[in-house]
Each structure stands twice: as C-alpha cells, then as structure tokens.
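Could you slot chain S onto chain F? The hints should help.
Protein sequences appear in the order of chains F and S. Residue numbering for the first sequence follows our numbering, starting at 1 and increasing by one per position. Residue numbering for the second sequence follows our numbering, starting at 1 and increasing by one per position.
Any given hint might turn out to be false.
[To be verified] Computed cross-link-like contacts, DSSO-like style, restricted to lysine-lysine with a CA-CA straight-line distance of at most 27 Å:
| hint | chain 1 | residue 1 | chain 2 | residue 2 |
| --- | --- | --- | --- | --- |
| 1 | F | K40 | S | K384 |
| 2 | F | K40 | S | K262 |
| 3 | S | K316 | S | K198 |
Think of the hints as simulated: they come from the structure by calculation, not from any bench.
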Amino acid sequence: MKLVTGVVQPHRLDDVKSALEAAGIRGMTVSEASGYGRQKGHTEVYRGAEYTVDLVPKVRVEVLVADEDASTVVDVVVKAAQTGRIGDGKVWTTTLDDVVRVRTGEHGDAAL
Amino acid sequence: MELDTGATAWMLMSASLVLLMTPGLALFYGGMVRGKSVLNMMMMSFGAIAVVGVVYVLWGWSMSYGADLGGIVGNPFDQFGLSGAIYDAAGEFAIDDFGVPGIVGVGFQATFAIITVALISGAIADRAKFGTWMVFVAVWVTLCYFPMAHMVWGGGLLSGDGPFASIATPIDFAGGTVVHINAGVAALVLALVVGKRKGFGSEPMRPHNLPLVMLGAALLWFGWFGFNGGSAFTADGFAGLAWVNTTVATAAAVLGWLLVEKLRDGSATSLGAASGVVAGLVAITPAAGSVSPVGSIAVGAIAGVLSAFAVGLKYKLGYDDSLDVVGVHLVSGLWGTVSIGFLATETGLFYGGGLNQLAVQAIIAVVAIVFSGIITYLIAIALKAVMGWRVSEEAEVGGIDLAVHSESAYETVPQGSASGQIKREIRA
Numbered sequence: 001m002k003l004v005t006g007v008v009q010p011h012r013l014d015d016v017k018s019a020l021e022a023a024g025i026r027g028m029t030v031s032e033a034s035g036y037g038r039q040k041g042h043t044e045v046y047r048g049a050e051y052t053v054d055l056v057p058k059v060r061v062e063v064l065v066a067d068e069d070a071s072t073v074v075d076v077v078v079k080a081a082q083t084g085r086i087g088d089g090k091v092w093t094t095t096l097d098d099v100v101r102v103r104t105g106e107h108g109d110a111a112l
Numbered sequence: 001m002e003l004d005t006g007a008t009a010w011m012l013m014s015a016s017l018v019l020l021m022t023p024g025l026a027l028f029y030g031g032m033v034r035g036k037s038v039l040n041m042m043m044m045s046f047g048a049i050a051v052v053g054v055v056y057v058l059w060g061w062s063m064s065y066g067a068d069l070g071g072i073v074g075n076p077f078d079q080f081g082l083s084g085a086i087y088d089a090a091g092e093f094a095i096d097d098f099g100v101p102g103i104v105g106v107g108f109q110a111t112f113a114i115i116t117v118a119l120i121s122g123a124i125a126d127r128a129k130f131g132t133w134m135v136f137v138a139v140w141v142t143l144c145y146f147p148m149a150h151m152v153w154g155g156g157l158l159s160g161d162g163p164f165a166s167i168a169t170p171i172d173f174a175g176g177t178v179v180h181i182n183a184g185v186a187a188l189v190l191a192l193v194v195g196k197r198k199g200f201g202s203e204p205m206r207p208h209n210l211p212l213v214m215l216g217a218a219l220l221w222f223g224w225f226g227f228n229g230g231s232a233f234t235a236d237g238f239a240g241l242a243w244v245n246t247t248v249a250t251a252a253a254v255l256g257w258l259l260v261e262k263l264r265d266g267s268a269t270s271l272g273a274a275s276g277v278v279a280g281l282v283a284i285t286p287a288a289g290s291v292s293p294v295g296s297i298a299v300g301a302i303a304g305v306l307s308a309f310a311v312g313l314k315y316k317l318g319y320d321d322s323l324d325v326v327g328v329h330l331v332s333g334l335w336g337t338v339s340i341g342f343l344a345t346e347t348g349l350f351y352g353g354g355l356n357q358l359a360v361q362a363i364i365a366v367v368a369i370v371f372s373g374i375i376t377y378l379i380a381i382a383l384k385a386v387m388g389w390r391v392s393e394e395a396e397v398g399g400i401d402l403a404v405h406s407e408s409a410y411e412t413v414p415q416g417s418a419s420g421q422i423k424r425e426i427r428a
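Looking at chain F on its own, in the form it has when it is part of the complex (with noise of 0.2 Å):
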C-alpha cells in the first residue's frame, strides 16, 4: 500500500480532485497547508512597506492506494495539478506497513 500525497496550487483542487474521480479513486483527505519550494513566496506592499509572504497558501491532497496503483495516481494528480508556472508543487509516494478501515476492522489492502 502506497500514500499518494500532492501539494498543489488551491485553485488546482476541483480538478485534481475530479480527475481522481474519473480515475476511480474513492477517498482523499484534503488539509490547508502552506509552505513554499523553489518558488519562494511572493511580495506584498502595505502602505508602502514591502512584505515578502514566504509561506503561501497550498492545499494537500492525500490518497491511499494499492502498490499497483501508486504510479497512475501520482500521474493523474501531477497531470490535474500542473500549470506549468513556478509554485505548482510537488506530488510524492510513501511506502506504508499497514492501512486499518476504522469502522470495520479490516487491515491491508482491504481496507482501502
């Protein structure tokens, strides 16, 4: 089992989500998040006086999948996600032990 997190551009998430969607995948967890990469934030002037905002907003969209899968999600999310400017984010894959469906009990691949 595979945990498929992206950090993307907000205004990316319908797509990112509805491409999974159609890609058939059934859950995701979505949190704000901010941060920033090579992008390093962005500049903002108040009154005259220039901030630069580091930590932008972003959002993280996490989904578990079977090993088979991980590739082609990571795809469809990098593919929803992409504007091709600088600050669209990163996508990345993490191996994990065990994934249990709380209201069930089920372990492993069945519980995904």
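Chain S only, in chain F's frame:
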C-alpha cells in the same frame, strides 16, 4: 427660541452617525493588526465609548462649554452632571440658537470626544495594557480634549472670541485641531513613550483582514456625514455644502493616495484606498464649511498624496505608530487646517483674502500641537510610572487577545488560503 423639529431631527441623526464612527474605527483598525490582537484593538475603541460616555455627562460637557476659566477650559463644576444644561429657568428644555434642544448638543459633542481618543489607540496596537488604556482615556479627554474643545469651540483662546480673532476669525469647522491634530500628536507621543512592538521593522506585521478595514472605512465615511454635516448645527444649505465637500474631498484623496501607490509601489491597493478615504475625511473636517466643492478637490487630493508619503516616515524615523495615526490624522489634519488659509472662499489667499486667515490657521495648528504634545506627554509618563504601559513580552508575542482578554478572534490564525471551492449546480 422656538424648537426647530427639522434641525433637531438632523442633529439627533448626526449624533448617532458620529457615534457609529467609533465601532467603524474598531473595524478599520482591527483589520489592520495581526489576527492575534484584533480583539484588543477593537476593545480599545469600545473601551473609549464606555469611558467617555460616562465622563462626558459628569464633567466633560461642563469642561468644554461651561463657564470659562482663563480661555483654556470650562469650569467642571459649573454644569457638573449636566446641571443647568438640560432645562431653562422655566423648567422647559433649553433651546439653542438653532432651535435645537441643548441636550441634543450634549449628545452630539460627546460622540466627538469618544472618537477623538479612540483614534489614538492605533498608535499603540498589540502591546498596551488594557487597564492603562482605560485610565488614559479618562485622563486624556479630561486634560487634553475638553480644554481643546473649549479653546476652539467653547469661546476660549482659539475661538472667534479669542485674541487671534483680531487678525482673522480662526476656522475649525468640525475638528481639524480639536480632533485630528490633537489625536495625531497624542498618538506620536504615546508611540514614543510606550515604545515599539517586538519585531517592529524586522518581522512582517501585515494586516490580517483587509475586508474589515474596507468595511470600517465605509462606516467612517458614512458617520462623517454627521461629523461634518452636523457641525452646521442645523439642517440647511450649510450642512448640504459640508456633505458635498466631505464626499468630494474624500473621493479626491482616494485618487491621490492610489496614484502615489501606483507610481511608487506598482500597485493600487485596497488598504491604500481605505487609507485615502480617511485622509480625505480628516483634511476636509476643518474646512467643510468654508471651501467650495471645487476647492475640496484640492484639499482632498493633496491630503491623499501627503498622507501616502507620510505613512513611511515611521520606518525612517524609527517610531512605531503602528496603524499610522500620525501619517494620516496629524498630517492630513494639519494640511486641512492650513488649507483654509488658501482656499476659504471668503478669506483665503487664493480668493483675494490676503494672508491673515493663513496666519491664524497656522497659529491655531501650532498651539494645538504644543498643547496636545505637552499634556499627552505628562499623562503618558505618569501612567508609565504608576501603572506601566506594556504587557509582558510573552503576552505580546503570544497574542494580546488571549493574554489580556482570554479570548481569540479565530479558531486558527487565518492564512488567506483559497480552500473549499464550491461547485455550483444551476438548475433551470
């Protein structure tokens, strides 16, 4: 004098409008601070309403408009508790020269004292003990605001009955000296005595909610129609002139401020527009009854430009006037007061009135600066010694809302993120 119901209705409405300005100011200031101190910022305005609302009927009215003591202040015991201010000798409601009951005038004037001291709070955002602020409010209106109101509007030294009237009658229609120069100087003094916020100049302290600032600016503008329109003291053409001048100057100030931003910083900002609104309102306050609507364009536009530059001074000079009370109220208040000397349609320099009006306007501005500076400084250092001004460093860094008021405005500090898009389904 016969009761004029039209004038009385307008003055009651004006008083209500001016009172609304202080909650408007709470929003204007509240949005400009960080999310961890918005409640304290707003509480300083609400605290001013609470303290001055009580103080005004006890001795505030009497010290402003009671029996004169040396041209400086009214006798607090003359009409203490409004004794003699409500009814005439026959037991009827006393009516003023405009056909308005005196008690209506008390309410109207009380709201000016409230907003003036509340304006100062922007200079000491995020860091002042609430108790010290509440005591400051009571002492400052007593020793600084009421005497200024008396000197300018209550027949004192700076009024048409004072010594400078031999040069020209000083003009302060609705409070360029009494309200804005007074509050602006007090703000500068408090910022210096209280000291800078932790991290001022190095940490980003950006406004946490600009829509609140915009809403506050809108309420201030709306309330200002009572502030300036009501300062005609009746419902007539004079009030209408003040209304139009107020709007025109404010609009021009927004343009002036935004133009500076666009040329200097690259973007016309919403905070700049809201700040321009206030700068314009401040500048036209003393002049609203004596300049023309076209003259008001100049009053406002210049105010917008001057204040847009003046808000940067605190970084150069190193004082933490957190929300730019000095840059907006002192600078535009000074300009508005002096602008009368150029632009007053009857006595201004540009209208062939010579230099007398200009000289008198400069004199009352300087007297206001010196008076407010000295009195505020004495009050501020006395309170520093007796009560202390600053909350602990831990409280300031962690957030004054939680430390002082045991509340927090939001569940989490807003990050301004754009989450939770809604897909609309439109059904025919």
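Going down the list of hints, with the structure as the test:
Distance check on the hinted pair: K40/F and K384/S sit about 43 Å apart at the alpha-carbon level, beyond 27 Å; violated. The straight-line distance between the Cα atoms of K40/F and K262/S is roughly 24 Å, inside the 27 Å bound, and the hint therefore holds. At roughly 17 Å between alpha-carbon atoms, K316/S and K198/S fall within 27 Å of each other, so this suggested pair holds.
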